[in-house]
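These protein sequence lines map, in sequence, to chains A and B.
Numbering-wise, my numbering puts 14 at position 14 of the first sequence, and it's gapless, one number per residue.
Numbering-wise, my numbering puts 1 at position 1 of the second sequence, and it's gapless, one number per residue.
Hints in this document: simulated from the structure, not taken from any laboratory.
There's no promise every hint is true.
[Stated by the list, open to error] No farther apart than 25 Å at their CA atoms in a straight line, the calculated lysine to aspartate or glutamate pairs in the DMTMM-like style are these: (1) LYS56(B) to ASP49(A); (2) LYS56(B) to ASP46(A); (3) LYS113(B) to ASP46(A); (4) LYS113(B) to GLU9(A).
All values reported here derive from a predicted model rather than from experimental measurement.
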Amino acid sequence: METAKAMIEVTTQVSRKLKQIQKLICDPDLNPLSKPVILYAPYYKDTPDQDIINAGGYVVRTQQDLVNLLRQLGE
Amino acid sequence: MPEPISLISSADIKPEDFSTFLQQYGAILHPDRIYDGRLSRENLHVWIALDNSELKNFEADEIEMIAQKLADHPQTHILLDVSQTPGSQQLAIEFACKFSEKWPCVVYDSCQKLYSKQELFNLCQTGQKELGKILSQ
């Protein structure tokens, strides 16, 4: 989904979302305004979490963390 | 967004060999800066990447289970990002079956269910429509 300030990918997966997040970050057709990309993934593991962060994305696991991050991003 | 499925092999597959395989299979090579290939049939799509870095994200018990099923240590991880359109899973499994004819492998689906090469072939033969349901459960 997309908000005014961010792209949000929601998943119940525990890993293997890096390529999709990289594509959302890099692909101008999917993200023409280069909005920050957030992975909302309650069950995501710590190690792949670092891969997402290193790629330039954000990972949040709770609704509150998502709300807080969106506020930080100016939502 | 697409659903991730892993093809895990005990063979040390080189990127150039995998690209040749993708090309021979009829995949579109390098459809973007992220993936190595894409399979498309009308509105069904599977994005493919050789990405061994994902192996480190499996837990020790998962690696052990995979190694048991493979009867060898996993060395190569191929990510299949399968579009949500019904039928796309079938594309992915047909590809996995062809891959397994060339390299020893298992399939680890998005529900952490593991399929041996034989189970993969059985599923392909006994109803590819059902397979999509199984993989997307």
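Checklist entry - Hint numbers the structure violates, sorted upward? => result Structure breaks no hint.
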